[in-house]
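Protein chains in written order, with this note's numbering: chain A, 3 to 219; chain B, 3 to 219; chain C, 3 to 219.
Calculated from the structure, these hints are not laboratory results. Keep in mind it's a predicted model, so treat the numbers as computed, not measured. Here a beta-carbon is modelled for each residue, glycine too, at the ideal position from N, C-alpha and C. There's no promise every hint is true.
Here are the simulated distance ranges between beta carbons [said to hold, decoys possible]:
#1 A/Ala191 <-> C/Ala184: 17 to 25 Å
#2 B/Arg198 <-> C/Ser173: 28 to 36 Å
#3 B/Trp176 <-> A/Gly188: 32 to 40 Å
#4 A/Gly188 <-> B/Phe199: 55 to 63 Å
#5 C/Arg93 <-> A/Leu201: 31 to 39 Å
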Amino acid sequence: MVEDIPFEPVLELVGVLVGAMSGALAAVRKQFDVFGIVVLGWAAGLGGGMLRDVLIGAVPPVGIADWRLITTAVLGAFLMYFFHPRLERARRVIVVLDAGALAVFTVVGTVKGLEYGTTAVAAVIVGVMTGAGGGVLRDVLSGEVPVVLHDRQLYAIPSMLGAIGVAVCWSVGWRTPVVLSAVVVGIFALRVLSLRFRLHAPGPWRGRPGGQAGWSP
Amino acid sequence: MVEDIPFEPVLELVGVLVGAMSGALAAVRKQFDVFGIVVLGWAAGLGGGMLRDVLIGAVPPVGIADWRLITTAVLGAFLMYFFHPRLERARRVIVVLDAGALAVFTVVGTVKGLEYGTTAVAAVIVGVMTGAGGGVLRDVLSGEVPVVLHDRQLYAIPSMLGAIGVAVCWSVGWRTPVVLSAVVVGIFALRVLSLRFRLHAPGPWRGRPGGQAGWSP
Amino acid sequence: MVEDIPFEPVLELVGVLVGAMSGALAAVRKQFDVFGIVVLGWAAGLGGGMLRDVLIGAVPPVGIADWRLITTAVLGAFLMYFFHPRLERARRVIVVLDAGALAVFTVVGTVKGLEYGTTAVAAVIVGVMTGAGGGVLRDVLSGEVPVVLHDRQLYAIPSMLGAIGVAVCWSVGWRTPVVLSAVVVGIFALRVLSLRFRLHAPGPWRGRPGGQAGWSP
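This is chain A alone, in the form it adopts within the complex:
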């Protein structure tokens, strides 16, 4: 367990809450019904952890088994259900909270992968999945192309750098709360600074390709 990172359980609940609110907002925008709003909140808040748990064999995943996390996700969805006009105006606060959630989820997910005895590469992949997977599930279920794949914001890249940092520290034996907390802060800072200074990931080299039809079935 990594319960030793200061405030880790609290931060994880905040992460689930914020993730669920982002999912519920997407559902509200698409005029889903109340069931769809709760499901999309649940998928966005807990989907990344569920993907991780299924891939490392930690079944049943926390997203269906841990009632505290599930209650938090449902709460986040209902907050958005009732207060979306007001919450949309608080966008800036929520983006910052979401950056915190990304950081915590990434570190917790990477450590969980390592604790389950996966390779370092696998731990990095499930760490990023824990951080960014909920958003992918939210977007697929609401009929959108996953925004993390095309948006060019620095969202997954801070997460990936942080996951690599955790895996490297783990392999040399630095597994203390201080080290893990430092990575959380690093991911958070990179995410917030990239928003502040409008840093972007590059798109395809040499722009748009000419051909239209694919060569692959």
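Starting from the known structure of chain A, arrange chains B and C on it as the hints suggest.
Relative to the frame of chain A, chains B and C by itself:
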């Protein structure tokens, strides 16, 4: 096993058949080829159970392992492949059969979750997933937003109430065929009555939000 | 292990490389950012094997655990990232390589299913999933309807025939490299010949249905 619910194996096969027909019809409408029609039938008829089995660790899931269920799903897909003009006119019958399938799948799925030793919350989630998950997979694979999330028909909500009912009865020790059958009838009745009286789930509180752009990446 | 099929490890790496290139090309066409291009390459090259491994309980799946396969997928994605204008002109070569990958993936996937003690039916399903699943994941993540389901090219059908062939040979005790290699060649030949002679899978019987609205929620 819950083979003690009267006609349970028969009802489960009917559920897979009807689910597969709904998937194959979606594929026919999109002009998929014969392979796509069979795959979408299989996904719609057996996808809910597969999601459940992967999440509770019951691998390989019945959707790839039980040849009777798979044969039934393929049969349903081919029925729709050959007879879709006629079957579409039998819409009313099929909606009622589908309500029966929803009821059976929900109860069977919830019980299977409980038998695998999950928490009551997890059993409810996998129960609803067993009932409504096949349709979600069908819609995602055919490029649609899952209809159960936005349609406002009472489809998932009867399923969820029934799954909660099963979990509550289970926890107080009422695990008899009579109790489980009563829940099946309850889900079925709620679904059919909601269609008859045009009951709907509510959409987002206070209508459509003003903003267009999301605050979450 | 089926390392006894001649060149099998090499062919598998070629398959992952070609699959990853197809995923990265789809991402380039959609103007994804560099992270999205790598993720789509990884999903297309390794997604089929990951689906298989999750369904048969072989966790963590090779797609997150085997660094050689992952490195190959990332390499394929970056090749496409930098050289897509040139690579698109080599379309014909890549289609042939992809046919080879389909053949190898199908046979390797079916054998892995059988080795994990699944039923023959399950092994056929996971074999086809190994061959064609990466493309399905690529298409869902890039917001497209999976091309293998509607395109009418003979892509999944040679894979399915080959998987059935492997399962039948396995059950009668023919498990030698020669037999497995023959099936690989058979799938490859059927795929290439169907392209050469423009063979197609049939669409829905009796064309497009009249009704528009679905009867299933």
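Range agreement (Cβ of A/Leu201 with Cβ of C/Arg93, hint 31 to 39 Å): Since C/Arg93 and A/Leu201 have Cβ atoms about 35 Å apart, the given range 31 to 39 Å holds.
Cβ distance range 55 to 63 Å for A/Gly188 and B/Phe199, holds or violated: holds (57 Å)
C-beta pair B/Trp176, A/Gly188: status relative to the range 32 to 40 Å that was hinted: Hint violated: Cβ distance 53 Å, outside 32 to 40 Å.
Satisfaction of the hinted span 28 to 36 Å by the C-beta atoms belonging to B/Arg198 and C/Ser173: violated (51 Å)
Outcome of range test on Cβ distance (A/Ala191, C/Ala184; 17 to 25 Å): For A/Ala191 and C/Ala184 the Cβ distance comes to about 58 Å; the hint is violated.
Hints 1, 2, 3 from the list above are not met by this structure, while the remaining hints are.
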